[in-house]
Amino acid sequence: MHSHLRRKSTTVLAFALLASVVTGLPSAAQAQEVALTTVQQPNADRRRLSPDQVREVAPALEQYTQQHLYGEVWKRPGLSPRDRSMVVVAAMIARGEAPALTYYANQAIENGVKPAEISETITHLAFYTGWGRAMAAVGPVRDVFAARGVRAQDLPPAFGALQPLDLANDTARATGSNQFATVSPGTVAYTNGLLFKELWQRPYLSQRDRSLVTVSALVAGGQAEQLTYHLNRGMDQGLTQAQVGEMLTQLAFYAGWPSVFSAMPVAKKVFEQRAGKGAGK
Amino acid sequence: MHSHLRRKSTTVLAFALLASVVTGLPSAAQAQEVALTTVQQPNADRRRLSPDQVREVAPALEQYTQQHLYGEVWKRPGLSPRDRSMVVVAAMIARGEAPALTYYANQAIENGVKPAEISETITHLAFYTGWGRAMAAVGPVRDVFAARGVRAQDLPPAFGALQPLDLANDTARATGSNQFATVSPGTVAYTNGLLFKELWQRPYLSQRDRSLVTVSALVAGGQAEQLTYHLNRGMDQGLTQAQVGEMLTQLAFYAGWPSVFSAMPVAKKVFEQRAGKGAGK
Amino acid sequence: MHSHLRRKSTTVLAFALLASVVTGLPSAAQAQEVALTTVQQPNADRRRLSPDQVREVAPALEQYTQQHLYGEVWKRPGLSPRDRSMVVVAAMIARGEAPALTYYANQAIENGVKPAEISETITHLAFYTGWGRAMAAVGPVRDVFAARGVRAQDLPPAFGALQPLDLANDTARATGSNQFATVSPGTVAYTNGLLFKELWQRPYLSQRDRSLVTVSALVAGGQAEQLTYHLNRGMDQGLTQAQVGEMLTQLAFYAGWPSVFSAMPVAKKVFEQRAGKGAGK
Chain A
39 MHSHLRRKST TVLAFALLAS VVTGLPSAAQ AQEVALTTVQ QPNADRRRLS
89 PDQVREVAPA LEQYTQQHLY GEVWKRPGLS PRDRSMVVVA AMIARGEAPA
139 LTYYANQAIE NGVKPAEISE TITHLAFYTG WGRAMAAVGP VRDVFAARGV
189 RAQDLPPAFG ALQPLDLAND TARATGSNQF ATVSPGTVAY TNGLLFKELW
239 QRPYLSQRDR SLVTVSALVA GGQAEQLTYH LNRGMDQGLT QAQVGEMLTQ
289 LAFYAGWPSV FSAMPVAKKV FEQRAGKGAG K
Chain B
39 MHSHLRRKST TVLAFALLAS VVTGLPSAAQ AQEVALTTVQ QPNADRRRLS
89 PDQVREVAPA LEQYTQQHLY GEVWKRPGLS PRDRSMVVVA AMIARGEAPA
139 LTYYANQAIE NGVKPAEISE TITHLAFYTG WGRAMAAVGP VRDVFAARGV
189 RAQDLPPAFG ALQPLDLAND TARATGSNQF ATVSPGTVAY TNGLLFKELW
239 QRPYLSQRDR SLVTVSALVA GGQAEQLTYH LNRGMDQGLT QAQVGEMLTQ
289 LAFYAGWPSV FSAMPVAKKV FEQRAGKGAG K
Chain C
39 MHSHLRRKST TVLAFALLAS VVTGLPSAAQ AQEVALTTVQ QPNADRRRLS
89 PDQVREVAPA LEQYTQQHLY GEVWKRPGLS PRDRSMVVVA AMIARGEAPA
139 LTYYANQAIE NGVKPAEISE TITHLAFYTG WGRAMAAVGP VRDVFAARGV
189 RAQDLPPAFG ALQPLDLAND TARATGSNQF ATVSPGTVAY TNGLLFKELW
239 QRPYLSQRDR SLVTVSALVA GGQAEQLTYH LNRGMDQGLT QAQVGEMLTQ
289 LAFYAGWPSV FSAMPVAKKV FEQRAGKGAG K
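Protein chains in written order, with my numbering: chain A, 39 to 319; chain B, 39 to 319; chain C, 39 to 319.
This is chain A alone, in the form it adopts within the complex (with noise of 0.2 Å):
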């Protein structure tokens, strides 16, 4: 089989090649691909289907991906397009959806998003949705970022000063880790460790972004069980709950109405316990 395989992949480049000499055209599937990154000038129309392709499936679709979908969600007040931008980056990463950031990430930097804080966001969403979610991140977004010209300089070093940590908070959130040190001290550690210590610290992304694009991976993953540490963390940082209501109208749309639905009792626990100690207040 050793021999057989191998000459197989080392003659498929030949074959491409001649191919395309021949046709000048790739596979229905491939075709899609070339359409996105052969436009030179990198724009809000750029997504994978063209409305046109998508009619000549699902014309419905099509009707609402434009009626309803782009002519109302995305312009809803009570969260600016820069946000809902990170609320659906952080869907796609979450979902394995990561081939649609060619798209969605380019459309994020046209909304107010900084490439660093795409940036930020993949390292950040690696801990969130694991290291190959965030790894397949990456190749869309070098694409983006190449076709934009975004440079070294422009992105999140490696080290760098880290904010000052709030023992006090940090101290309260550990209790909750805490109570697993013998079921998986590695996790434990690294939780107390890296992850909050280190990543969450870094300056790149706000707080409140952190949480923006944590509380959107969970949600959109289907992951309602963790959500009521961040939406309150993320609450503390600055994100309203009116921010929070139109998330989830975003995410019904990206990830599902089911993985909205499974999130919204937890919101409305989340809402009430906080205006019930507001009122205490």
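Incorrect hints may appear among the rest.
[Unchecked claim] Simulated pairs of lysine to aspartate or glutamate, EDC-like, Cα-Cα distance not exceeding 20 Å:
| id | chain 1 | residue 1 | chain 2 | residue 2 |
| --- | --- | --- | --- | --- |
| 1 | A | Lys235 | C | Glu110 |
| 2 | C | Lys306 | A | Asp274 |
| 3 | A | Lys306 | B | Glu263 |
| 4 | C | Lys235 | B | Glu110 |
| 5 | B | Lys307 | C | Glu263 |
| 6 | C | Lys152 | C | Asp192 |
| 7 | A | Lys306 | A | Asp274 |
| 8 | C | Lys307 | A | Glu263 |
| 9 | B | Lys306 | C | Glu263 |
| 10 | A | Lys235 | A | Asp208 |
| 11 | A | Lys307 | B | Glu263 |
| 12 | B | Lys306 | B | Glu263 |
| 13 | B | Lys235 | A | Glu110 |
[What the hints assert, rightly or not] Over the 12 Å line for every Cβ pair with chain A, so calculated as not near, a few chain B residues:
| id | residue |
| --- | --- |
| 14 | Glu110 |
| 15 | Pro119 |
| 16 | Leu203 |
| 17 | Ala206 |
| 18 | Ala210 |
| 19 | Leu256 |
| 20 | Gly314 |
[Said to hold, decoys possible] Sample of chain C residues facing chain B (criterion: CB under 7 Å; computed from the structure):
| id | residue |
| --- | --- |
| 21 | Phe165 |
| 22 | Phe218 |
| 23 | Ala219 |
For the record, the hints were derived by calculation from the structure and aren't laboratory data. Ideal Cβ placement from N, Cα and C applies to all residues, glycine included.
Since chain A is already given, all that's left is putting chains B and C on it; use the hints.
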């Protein structure tokens, strides 16, 4: 759309065939694509990997596929091959396995699913599995439609008369959503309007089939929380307990045992409650 | 970074640039595939993205990968590199990240996993992560097997003598399944027959390793519900508490923190119950 797409496919076939002659075949990954697209007469053998290719990695997996999955499960009484195809198409979309639709959407048509129903399923599942999952299904299904000569007039239109709404039932349903009106007003507004007053009332997929693909997507996506409502709704519209049981058997193979066993207690409770109600009548 | 990126592209994508002149070029993502499959000497550096490519998007992510993931986590005592590879291969399959297996299946073999064990893991996980996820693993693993000269006789056969069943334990297990006999008779029949009387009794993967990959897939897939049974089963077959703790540490990085923290309370309860039982003896 028809002739345009067919022309493209034809050049792709020529390109692949020529390359095969010259080189004796592409890489393993590309070979799967080519094997698919060079089949002139779509049939049940259009698998992404040939049985021999699977045997080169996991002989037992291919054996189980032939003997149990194709040899038994697909032929079990209690659920038609047409419905089993709908279950699998929904599961593939929900699980982000859209490339497999090149095979399964084709097989669905052979099993009696109308192209219009596949189209409407994609639109429907945009809401239940997220826009990205639905859009990912468009490319592979477009290839299948093109190869089979599906025309624009074979598809459901973007707009059209809606079926009359069962107001009493919809009011009861809205009670569930409305408890979250202060949590995410946008989500609740789109739920009560676009989702249930428009999408569900489009006549291009029966109420029973909308429930079938919704339930399949929920089970396949590991989202048992919304299952109670959708199982009841589907059974009100004609899904029988025996059919739901067979849907779960089909999903055990296509979405994995754990997803199905997480759905089992929910289904059991729904069945018992409905039996209790029936007995009380 | 721009010119740097372009220079790299020129060297890495030599053939692609040529194709680009003639036609319109494959995407960067496709180029990575080619870069991989043309590597003649598989080695531990066969990553899908080079460290430099990752640094061009997320310098800190690459830094964490080198310093913490490769520099520490993979080397932690308590779980062998061989077992860590099994954990990661299972996680990749469960999470639909099969393309990464081009790297991780190769690394697994270098870490001492036998090709036959990878093969049997794929067949095993067809049942625990769905047929589509398993089939998606076949292509990448086939490339790895071919590059390493793995032959048909190195793989587990489709048929073969089964290990004797522990009837007492299996009867206890069946009690859990049988409560759903009226919900989905087909699922329960295949659970009690094909899954536990045949698949689990195949001798090509140890009982302990079957539990290791099952537990890894459940955690990585966010399916904590079936974890109690499979953790207990695995620990009965030799998995130690320390090993499970390290599996969770490995999975924190590869499946994300939330998946692991959803598994933590389940693992804690299992450990405490087993300790209680042990103390009672």
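How the hints compare with the structure:
| no. | hint | in the structure |
| --- | --- | --- |
| 1 | Lys235/A - Glu110/C | holds (17 Å) |
| 2 | Lys306/C - Asp274/A | violated (30 Å) |
| 3 | Lys306/A - Glu263/B | holds (16 Å) |
| 4 | Lys235/C - Glu110/B | holds (17 Å) |
| 5 | Lys307/B - Glu263/C | holds (17 Å) |
| 6 | Lys152/C - Asp192/C | holds (9 Å) |
| 7 | Lys306/A - Asp274/A | holds (16 Å) |
| 8 | Lys307/C - Glu263/A | holds (17 Å) |
| 9 | Lys306/B - Glu263/C | holds (16 Å) |
| 10 | Lys235/A - Asp208/A | holds (9 Å) |
| 11 | Lys307/A - Glu263/B | holds (17 Å) |
| 12 | Lys306/B - Glu263/B | holds (14 Å) |
| 13 | Lys235/B - Glu110/A | holds (17 Å) |
| 14 | Glu110 | holds (30 Å) |
| 15 | Pro119 | holds (23 Å) |
| 16 | Leu203 | holds (18 Å) |
| 17 | Ala206 | holds (22 Å) |
| 18 | Ala210 | holds (16 Å) |
| 19 | Leu256 | violated (6 Å) |
| 20 | Gly314 | holds (26 Å) |
| 21 | Phe165 | holds (5 Å) |
| 22 | Phe218 | holds (5 Å) |
| 23 | Ala219 | violated (10 Å) |
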